[in-house]
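Student: Just so you know, we're using this note's numbering here: the sequence shown kicks off at 349 and counts up by one.
One thing to keep in mind: the hints can contain errors.
Under the rule of at most 30 Å between Cα atoms (straight-line distance), these lysine-lysine pairs were calculated in the DSSO-like manner [to be verified]:
{"#": "1", "residue 1": "K455", "residue 2": "K390"}
{"#": "2", "residue 1": "K422", "residue 2": "K432"}
{"#": "3", "residue 1": "K445", "residue 2": "K432"}
{"#": "4", "residue 1": "K445", "residue 2": "K455"}
{"#": "5", "residue 1": "K390", "residue 2": "K445"}
{"#": "6", "residue 1": "K445", "residue 2": "K422"}
Hints listed in this document are in silico derivations from the structure and should not be mistaken for laboratory results. These numbers were taken from a predicted model, which means no experiment stands behind them.
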Amino acid sequence: KSETTMEQKDGAAHGSAALEGERKCPLGDRHIHRDDVRQVWKECQNESFWYRALPLSVGSMAVTWGLIYNGIWKASKRFGPFPKMAVAGILGYAVGKASYVRTCQSKFQALGLGFGPGFGPGPRRFGPVHSNGSGHR
349 KSETTMEQKD
359 GAAHGSAALE
369 GERKCPLGDR
379 HIHRDDVRQV
389 WKECQNESFW
399 YRALPLSVGS
409 MAVTWGLIYN
419 GIWKASKRFG
429 PFPKMAVAGI
439 LGYAVGKASY
449 VRTCQSKFQA
459 LGLGFGPGFG
469 PGPRRFGPVH
479 SNGSGHR
């Protein structure tokens, strides 16, 4: 009985070493400090606001106000030009932030973070893998 347990322990030890070799982290030995990631994230947030979101927001609001002022668009009888200007500002802000995504991705890639499966848009699968291939992988 003791021989079989020794064989099982030895087999388990060899099996776990083989599994550890298979489950190696894709980043390998590269180490990225949290402070570097945090710094790049702050830069992206700051630059996307000042260089894209704010100018597009203010610009779209100015164009909207000009269209209302010149009579091309009509102001709301109840609220005046403010709802249309607010929508223009929000849309300009969103487009500005979204337009900076590729720049931020390139900054993170330069830092050493790769964007592979699990990053960005695409189908997400959760749960066990089924026989037809659907599910978590």
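Student: None of the hints should be skipped; say for each whether it holds.
Tutor: Hint-by-hint comparison with the structure:
1. Taking the CA atoms of K455 and K390, the gap is about 12 Å. The hint holds against a cut of 30 Å.
2. The hinted pair formed by K422 and K432 meets the criterion: a straight-line CA distance of about 10 Å does not exceed 30 Å.
3. For a cut-off of 30 Å, the pair hint linking K445 to K432 stands: about 20 Å separates their Cα positions.
4. A distance of roughly 15 Å separates the Cα atoms of K445 and K455; the hinted pair therefore holds under the 30 Å criterion.
5. Between K390 and K445 the alpha-carbon distance is near 14 Å, which keeps this suggested pair within the 30 Å criterion.
6. For the given pair, K445 sits about 29 Å from K422 by alpha-carbon distance, which is consistent with the 30 Å threshold.
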